[in-house]
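S.K.: 1176 is the number of the first residue of the sequence shown in this note's numbering; add one for each residue after it.
Since the hints were made in silico from the structure, they are not lab data. Be a bit skeptical, because a hint or two may be false.
To be verified - Calculated lysine-lysine pairs in the PhoX-like style (CA-CA distance at most 25 Å, straight line):
id : residue 1 : residue 2
1  : Lys1262   : Lys1229
2  : Lys1179   : Lys1232
3  : Lys1262   : Lys1207
In this text, all values refer to a predicted model and were calculated from it rather than measured experimentally.
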Amino acid sequence: MPDKQENRIRELENAHIPIWLIKDLCWMLSWKLPAMAMIIPAIGMSVFVCFLTKNNKYLLWPNIAITFWITANSIWMTGEFLNFHFKVLASIFFIAGLVAVMIYFIFRLKPVLSRKTDKL
């Protein structure tokens, strides 16, 4: 059974989802000011969840990937609103998110692969 801190982290992760959905909805509707204002709570909450999960590599790396994703998404959105192309900068953050996910899967696969090699 999860402990209280793990439940709190899950609650924050779940509370974080509507924040970035509101940001993206405002972006889609071209509501520039609300969309831009939602960048701060979306990234801020994501960084806070990373801080809370810093001692658990299985929770931390996916949260780091989400932080990079929201950052990349926010950069892309800002570029569209300003009629300036920030896609190269956004792609750096998207790639960083992919690297974070790969690190997560390496941590997840390492014990499985070591058990299989022990049996050989």
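S.K.: Look at each hint and say if it fits the structure.
M.R.: We went through each hint and held it up to the structure:
This hinted pair does not check out: Lys1262 and Lys1229 have alpha carbons roughly 29 Å apart, beyond 25 Å. At roughly 18 Å between alpha-carbon atoms, Lys1179 and Lys1232 fall within 25 Å of each other, so this suggested pair holds. At roughly 18 Å between alpha-carbon atoms, Lys1262 and Lys1207 fall within 25 Å of each other, so this suggested pair holds.
The structure does not agree with numbered hint 1 stated previously, though it agrees with all others.
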